[in-house]
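Make the complex out of the two chains shown on their own, each in a separate frame, by following the hints.
Below, each chain spelled out in residue letters.
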Amino acid sequence: MTAWSQHKGKAIALTLENIDTDQLIPARFMSTPRAEGYGDFLLHDMRKTSDGAPIPDFPINRHPEASILVAGRNFGSGSSREAAVYALVDFGIRAVIAPSFGDIFAANAVNNGLLPARVTDEDAARLLARLGAGPVELSLDIETRTLSLDNQTMPFSLSAPWAEKLINGWDDIDLTEHHRPAISAYRARRAETQPWVFPAEDTAG
Amino acid sequence: MTTLLDKLWAAQEIVKSADGRSLLWVDRHLVHEGSHHAFAKLAARGARVAEPRLTFGVVDHYAPTRGPAASPAIARMIDTLEQNAAQHRVPCFGLNDPRQGIVHVVGPEQGLTLPGLLVTCGDSHTSTHGAFGALAFGIGATDVAHVLATQTIWQSKPKSMRLTVTGALGPGVGAKDIALAWIAKLGTGGAQGHAVEYAGEAVRALSMEGRMTLCNLSIEGGARFGMVAPDETTFSYIEGRPYAPKGAGFDEAVAYWRTLNSDTDAAFDRDVTIEAAEIAPIVTWGTSPEDALPVTATIPNPSQASEADADRITATIDYMGLTPGKALTEVEIDQVFIGSCTNARIEDLRAAAAVLAGRRAKVPGLVSPGSRQVKAQAEAEGLDRIFAQAGLEWVGSGCSMCVAMNGDSVAPGKRCASTTNRNFRGRQGRGARTHLMSPAMVAAAAVTGRLTDVRPMLKGRDAA
Numbered sequence: 001m002t003a004w005s006q007h008k009g010k011a012i013a014l015t016l017e018n019i020d021t022d023q024l025i026p027a028r029f030m031s032t033p034r035a036e037g038y039g040d041f042l043l044h045d046m047r048k049t050s051d052g053a054p055i056p057d058f059p060i061n062r063h064p065e066a067s068i069l070v071a072g073r074n075f076g077s078g079s080s081r082e083a084a085v086y087a088l089v090d091f092g093i094r095a096v097i098a099p100s101f102g103d104i105f106a107a108n109a110v111n112n113g114l115l116p117a118r119v120t121d122e123d124a125a126r127l128l129a130r131l132g133a134g135p136v137e138l139s140l141d142i143e144t145r146t147l148s149l150d151n152q153t154m155p156f157s158l159s160a161p162w163a164e165k166l167i168n169g170w171d172d173i174d175l176t177e178h179h180r181p182a183i184s185a186y187r188a189r190r191a192e193t194q195p196w197v198f199p200a201e202d203t204a205g
Numbered sequence: 001m002t003t004l005l006d007k008l009w010a011a012q013e014i015v016k017s018a019d020g021r022s023l024l025w026v027d028r029h030l031v032h033e034g035s036h037h038a039f040a041k042l043a044a045r046g047a048r049v050a051e052p053r054l055t056f057g058v059v060d061h062y063a064p065t066r067g068p069a070a071s072p073a074i075a076r077m078i079d080t081l082e083q084n085a086a087q088h089r090v091p092c093f094g095l096n097d098p099r100q101g102i103v104h105v106v107g108p109e110q111g112l113t114l115p116g117l118l119v120t121c122g123d124s125h126t127s128t129h130g131a132f133g134a135l136a137f138g139i140g141a142t143d144v145a146h147v148l149a150t151q152t153i154w155q156s157k158p159k160s161m162r163l164t165v166t167g168a169l170g171p172g173v174g175a176k177d178i179a180l181a182w183i184a185k186l187g188t189g190g191a192q193g194h195a196v197e198y199a200g201e202a203v204r205a206l207s208m209e210g211r212m213t214l215c216n217l218s219i220e221g222g223a224r225f226g227m228v229a230p231d232e233t234t235f236s237y238i239e240g241r242p243y244a245p246k247g248a249g250f251d252e253a254v255a256y257w258r259t260l261n262s263d264t265d266a267a268f269d270r271d272v273t274i275e276a277a278e279i280a281p282i283v284t285w286g287t288s289p290e291d292a293l294p295v296t297a298t299i300p301n302p303s304q305a306s307e308a309d310a311d312r313i314t315a316t317i318d319y320m321g322l323t324p325g326k327a328l329t330e331v332e333i334d335q336v337f338i339g340s341c342t343n344a345r346i347e348d349l350r351a352a353a354a355v356l357a358g359r360r361a362k363v364p365g366l367v368s369p370g371s372r373q374v375k376a377q378a379e380a381e382g383l384d385r386i387f388a389q390a391g392l393e394w395v396g397s398g399c400s401m402c403v404a405m406n407g408d409s410v411a412p413g414k415r416c417a418s419t420t421n422r423n424f425r426g427r428q429g430r431g432a433r434t435h436l437m438s439p440a441m442v443a444a445a446a447v448t449g450r451l452t453d454v455r456p457m458l459k460g461r462d463a464a
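Just so you know, the sequences run in chain order D and R.
Just so we're aligned, residue 1 is where the first sequence starts under my numbering, counting upward by one.
Just so we're aligned, residue 1 is where the second sequence starts under my numbering, counting upward by one.
Only chain R is shown next, with the shape it has when bound in the complex (with noise of 0.2 Å):
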């Protein structure tokens, strides 16, 4: 009767207040540069970190990804992270660590995301670590410190929701084009107040890689929780990370790990079912995540939607600087860039690779994976030369032109192609036009210049 959510919940739950919040311990808590409000908090209560054993630094937001910082704002912003953390001794990934990365691809790199834990971070995409049937969720400076101070959260358990992907995923399409497909389905709002549990065929044959990036995009369609249920290909990521339980503590943790799964006859307060034979690779068009749609589709017509549309579609097509009912194949881009919490792990660089190998790009553009560890891997498979004989740029890793806070970001009225999560207005830059998409698609807009259809470029090639 009961689903995943409830047993995660149960198990962390300390007490629960009269109004029904429940006080939650916290397994870990990941911080990176943007913690500094909350440190300062901390500072000011003259309170110190209550478990630096569970607390991880990572330098991510403002990494830079080619040569020193661009500011001397951005540097102090790293230097200030290094040094709370050195002060309350939490381990930190600095910049110079060989363990440096995102936070999001970091944290189950390195072993420190495990099944049936809390991790909590402020950041939205902290939902990428539910994809190891972990309570993972972001919170805001206050809450940050919170957690610094007492190791534990307040939290209303939230509804849950059950989304089902049933049948096999077709060639060329991926767990982006799953996220988005729903994400369009169901509105930036359609799961907000809910933990989103993904289930189904075609969720289970996803790799961890694809797993988290679908539970890392369940913030932009209002979820801060998303989760899959661990099983085997959970465990084997797991076996020999660095943080991970050893010996006969894995043994354990596993048989434990087994348990962690929705009983078959829970009740969902939502349930959702899509079919992954209908989900075509998948572009945005417009300034929020909701406005994907099919590469094979045409751009919205404000004179046919409904009057209650037409406004925020014309302003959103103003921006965008599209024509309506052109086909989205017909847009033509300016730079692409690969990177991100959303798709820089090793099967998305592989991804890229599979298209661009032996292939020149048209446009110029960014290869950040997403840690050192990603960077490294992707030398070794000799990945780094694709992307430069294509003309990409390959560069260090962090957040760089997903958030633009680093100094790498897409100038006014410029289009990208981007394998990040969101295409908010300004997002990757002041004026900036963002269309997401997976890696691969991103690989095909960058050879032909335009929003592509990878599909036929994949023909004859072994779709990494």
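With the rest of the complex left out, here is chain D (with noise of 0.2 Å):
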């Protein structure tokens, strides 16, 4: 994933609260493979009619040079489909600002180079006020944990872990290897002292 810890972008506002994974992405579209791009079935069913025609004013449609989405409280709950967060990046968005996430939305956007900034219920209001229905120009700096527009700036939330994997863009995989022998290690004291977490019986064949 690519590494990032600045962005200036358009940012548009999504005045809705609880936008779950399911609206994000229908489950419909799930079985596409990822090389063909998700950008278009983000939203889907909010931003496109039942025969497929774009509605004019939904926010990403009259604005789909958007890289920065404001929206209300658990934004990305329910269902863990990474392919939520595919669509939101394959349709070019880079950050989604509001008072909180899915706990594991949020794991897979950071996964996938997407920055979840978590500010507070008032900054939020003040932010989704501002923006009204047109986009305007913000400015994000992971590294200090600050938005700003219009010469104000905001602080936004986000651990240091996971802070630290968007501003390098690292695999975890890569991580993990370093640790290959506290891992074996592990292993062998887990099965001498409690073999019985190892399933009893061994393969369906």
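Read the hints as simulated data drawn from the structure, not as lab findings.
Be a bit skeptical, because a hint or two may be false.
Just some of the chain D residues that point at chain R, by a computed CB distance under 10 Å [claimed, not checked]: (1) Trp4; (2) Met46; (3) Ala107; (4) His179.
Yeah, the Cβ is synthetic: ideal placement off N, Cα and C, and Gly gets one too.
What follows is the structure, given as structure tokens:
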């Protein structure tokens, strides 16, 4: 994944709470291989009519150039489908700003270079009011955990390990390889002291 | 001083990084058709599954429940899992395996889920397995690939929360009602960042099936982890299951499992208590699991709500096609669904059948047992005939109409009383209107054709 620490882009408001991952990408699109791109599926049933025509007023239809979304609480709740993050990333979204996120969604986001920036309820309300219907240019800085617009800055929260992952573009598998000896030692100890933790029956055949 | 979470976490921790994340050992990794992204990531690195013996494949999300797969794309998803499993020598409960079913039903049923283990799966309802006193949580595709490649996972330890349910539940009230009650009280983000340990007399009194329902729904209240400390109920459920420890190994395991509980003086980051006697049968009215009310209540009226809530309530009522202020029991339904990892175990089917016996459903519906083993058990008990005589369709096992991936879906604008876990917009199909409730409550709704309080219908019957 691409490492980044600063981004400047157009932010738009999605003034809804509880935008769950079933809405971010309806389940029926999830058999598609990633190589085909997931951007078109983003918020599909909210922004397209049942015959697939875009609803002109929907924020991301009006401003497909947006790269930052500001939304209500509990963004990305529900299903663990990483496809929800793929849809955002493939559409061109780099960051989502909201008062809270589904725990699994936020972890998936960071694994794909998408910033889940958490702000207070008050700051989210201020941002949504400021954005209104139009896109506003907004800057994000992961190092300082701040966002700025109109020459004002606002803090956001992001845990230290997640900030590091985004800034360095780390892949956890590479990181874990450094711990191979510790993993092997742990496994051997577990097999010796608690052999019952390994399944009794071997394989199905 | 330590909590169950502390004990389970410490037992799995291999290393702790300077930034506070733990590298945890994974004892069981369950994969399904949706894991195709992760297998593709593994292939892209040229990596192999590190521990095929600890990895188990299950066909569920796309499993057809009636006849062949609904489309070539769906058939391909199932084939891909079976091929990936074969290629990596991972045991797989495939479409034609007698052990096939929903991953969160099959794991416990086969004795794969045990107290003191860490269980991961690329599915948010993996919290179900916490009912055994295991550390179990859902992960996304990148993390699934990580577990496949290393049998470990990086996690920051969540905060601890204890949810105590004191006293005894009333007749016709069960685990689903406890779950919807606390989610309605705390909100869908109420337990975000926390691992929830369920405690109290009402939780102790639940069967393993009930505990699984309770832990399953943890994620709907924002908690990635739900757990119940193991006890005799747990041990007797596990004993004799195919993959469970046997003989001396079982005794040794039980001795260890008895240590898996929170110390009496353990301090939790958050402590919440609810009174079992105050919980009525619950139904959801909206498009979020927190939109839940006792069935005796009325549909919220936006004009009586705060300004902040009014717009959301109006939009929700509009999507759901409801009338503000009307009694919930006046809401007419079009169909029912009994199934899913939340409520399709044998006890759930018995509870629904106890209401349906000798009665006819006014609306059509599907009954999809949680696994082929549950299906066989139900048929041995004659439950399939009760459902069929009531006019409901008895079908195969899988996620089916809960997630609408296999072609089983609710048509636009149709209203479904459902034993599932999510009433999200479009979850059961585009434009579908879902009301979540317990299996007994779905059965009651089937009989009357509207949302219904099951309690009077249980009079003179043995509510299973």
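Hint-by-hint comparison with the structure:
{"no.": "1", "hint": "Trp4", "in the structure": "violated (17 Å)"}
{"no.": "2", "hint": "Met46", "in the structure": "holds (8 Å)"}
{"no.": "3", "hint": "Ala107", "in the structure": "holds (6 Å)"}
{"no.": "4", "hint": "His179", "in the structure": "holds (6 Å)"}
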